[in-house]
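2 protein chains.
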Amino acid sequence: MGFLKRLLNPTVDVPSAQLNDSQLESAGQPRIFFSLDRDLDLYELEELCDQVGWARRPIRKVRKAIQHSFLVVTVWEVRNDKRRRLIGFARATSDCAFNATVWDVVIHPQFQSQGLGKGLMQFIIKKLRESDISNITLFADPQVVDFYRRLGFILDPEGIKGMFWYPS
Amino acid sequence: MGFLKRLLNPTVDVPSAQLNDSQLESAGQPRIFFSLDRDLDLYELEELCDQVGWARRPIRKVRKAIQHSFLVVTVWEVRNDKRRRLIGFARATSDCAFNATVWDVVIHPQFQSQGLGKGLMQFIIKKLRESDISNITLFADPQVVDFYRRLGFILDPEGIKGMFWYPS
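Going down the list, the sequences are from chains A and B. Residue 3 in my numbering is what sits at position 3 of the first sequence, and the numbering runs on without skipping anything. Residue 47 in my numbering is what sits at position 47 of the second sequence, and the numbering runs on without skipping anything.
Everything labelled a hint here was simulated from the structure, so no lab data went into it. Hints may contain errors.
[Claimed, not checked] Below, in silico cross-link-like pairs of lysine-lysine (DSS-like), each with a Cα-Cα straight-line distance of 30 Å or less:
hint : chain 1 : residue 1 : chain 2 : residue 2
1    : A       : K61       : A       : K127
2    : A       : K118      : A       : K161
3    : A       : K161      : A       : K126
4    : A       : K127      : B       : K161
5    : A       : K126      : A       : K82
6    : A       : K126      : B       : K64
7    : A       : K126      : A       : K64
8    : A       : K161      : B       : K126
9    : A       : K161      : A       : K64
10   : B       : K161      : B       : K126
11   : A       : K161      : B       : K127
12   : B       : K82       : A       : K127
13   : B       : K161      : B       : K82
14   : B       : K126      : A       : K61
15   : B       : K161      : B       : K61
16   : A       : K161      : A       : K82
17   : B       : K82       : A       : K161
18   : A       : K161      : B       : K161
19   : A       : K64       : A       : K118
20   : A       : K126      : B       : K118
21   : B       : K82       : A       : K126
22   : B       : K127      : B       : K61
23   : A       : K127      : A       : K161
24   : A       : K64       : B       : K126
25   : A       : K126      : B       : K161
26   : B       : K161      : B       : K64
27   : B       : K127      : B       : K82
28   : B       : K126      : B       : K82
29   : A       : K118      : A       : K61
30   : B       : K161      : B       : K127
31   : B       : K64       : A       : K161
32   : B       : K82       : A       : K61
33   : A       : K118      : B       : K161
34   : A       : K64       : B       : K127
35   : B       : K118      : A       : K127
36   : A       : K127      : B       : K64
37   : B       : K161      : A       : K64
38   : A       : K61       : B       : K127
39   : A       : K64       : B       : K61
40   : B       : K82       : A       : K64
The whole structure should be built from the sequences, with the hints applied where relevant.
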């Protein structure tokens, strides 16, 4: 997993040109791409979300959400037959100035617990920081609160609480 | 405060044409406008934020944030001399499909505790619902958690936690 080590080791500076739409390669390993390209097959994304048990959402609304997100990151595995497979996804909404909110972070179950989610989030933080956005927020399910905490996310700073409104 | 009663009473249906950029009037009272027009004097907005003790932010970034917000609502008082004064503000980022996050909710101290903040939030919820956005989120300071709770916002539903990342 040399490509992941290179990606995730904070002491190694991975040039953004390498992370952005280009391949992270390791001899004898499948290759992993991080991409900012939004032109993806939404049925493949739906399949990925199915894999982690998310409720299905109308494709037309997913398309709109991707169009209107500030940042969309996809993670791809390229196999030896050169075919690529979507194995990760995340996106962020933002005002392009102060705040961003990260949504829909997903890694294919086969690729979980290998640091790829961490790499994806570090990539997102890096991209948002490059846009001078300093307040990055998200809403974490209970089972991933510790995952985000290890990435530097803070719970309820100064008593600030995340709140939700749903139609009744 | 007839205009507020009309605005806030949930049993009275206020036509959106009336709420959107038009005046809510009551005989003998100053008139209050809700507006979706983003073309506002950012120094006047800064002055309003000063009134509630918010830290100053670069005008250029505030301009960008307003430009890239999904929804911007301003509240105006129009006095007898026809001059208008900014007395409230809020904005929301969104993916235009699933999620919206409300930021920078402010009511001038002189106009607080009169239901105007509630009216502003109900207006925002209404507008977001009209855009078929069902997940409305925000990050509430401890002293306004109950205010948002009364508006139907829920704290940590199913253990979901709001988390923040700031540059170290």
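Structure-based check of each hint:
1. A/K61 / A/K127: 25 Å, holds
2. A/K118 / A/K161: With Cα atoms ~24 Å apart, A/K118 and A/K161 stay inside 30 Å; holds.
3. A/K161 / A/K126: It holds: about 25 Å lies between the C-alpha atoms, which stays within 30 Å.
4. A/K127 / B/K161: Satisfied, since the Cα-Cα distance of roughly 23 Å is no more than 30 Å.
5. A/K126 / A/K82: 28 Å, holds
6. A/K126 / B/K64: 20 Å, holds
7. A/K126 / A/K64: 25 Å, holds
8. A/K161 / B/K126: OK: A/K161 and B/K126 at ~22 Å, within 30 Å.
9. A/K161 / A/K64: 28 Å, holds
10. B/K161 / B/K126: 25 Å, holds
11. A/K161 / B/K127: 23 Å, holds
12. B/K82 / A/K127: 47 Å, violated
13. B/K161 / B/K82: 46 Å, violated
14. B/K126 / A/K61: Holds, at about 19 Å.
15. B/K161 / B/K61: 28 Å, holds
16. A/K161 / A/K82: 46 Å, violated
17. B/K82 / A/K161: 40 Å, violated
18. A/K161 / B/K161: 8 Å, holds
19. A/K64 / A/K118: At roughly 27 Å apart (the allowed maximum being 30 Å), A/K118 and A/K64 satisfy the hint.
20. A/K126 / B/K118: Violated: A/K126 and B/K118 sit about 37 Å apart, past 30 Å.
21. B/K82 / A/K126: 49 Å, violated
22. B/K127 / B/K61: Since the Cα atoms of B/K127 and B/K61 sit roughly 25 Å apart, the hinted pair holds (cutoff 30 Å).
23. A/K127 / A/K161: 25 Å, holds
24. A/K64 / B/K126: Status holds; Cα separation ~20 Å.
25. A/K126 / B/K161: 22 Å, holds
26. B/K161 / B/K64: 28 Å, holds
27. B/K127 / B/K82: Roughly 27 Å separates the two Cα atoms, so the pair holds.
28. B/K126 / B/K82: 28 Å, holds
29. A/K118 / A/K61: 27 Å, holds
30. B/K161 / B/K127: Roughly 25 Å separates the two Cα atoms, so the pair holds.
31. B/K64 / A/K161: Within the cut-off at roughly 26 Å; holds.
32. B/K82 / A/K61: 43 Å, violated
33. A/K118 / B/K161: 18 Å, holds
34. A/K64 / B/K127: Holds, because 18 Å separates the two Cα atoms, which is no more than 30 Å.
35. B/K118 / A/K127: 36 Å, violated
36. A/K127 / B/K64: 18 Å, holds
37. B/K161 / A/K64: Holds. B/K161 to A/K64 sits at ~26 Å (cutoff 30 Å).
38. A/K61 / B/K127: 18 Å, holds
39. A/K64 / B/K61: With Cα atoms ~26 Å apart, A/K64 and B/K61 stay inside 30 Å; holds.
40. B/K82 / A/K64: 41 Å, violated
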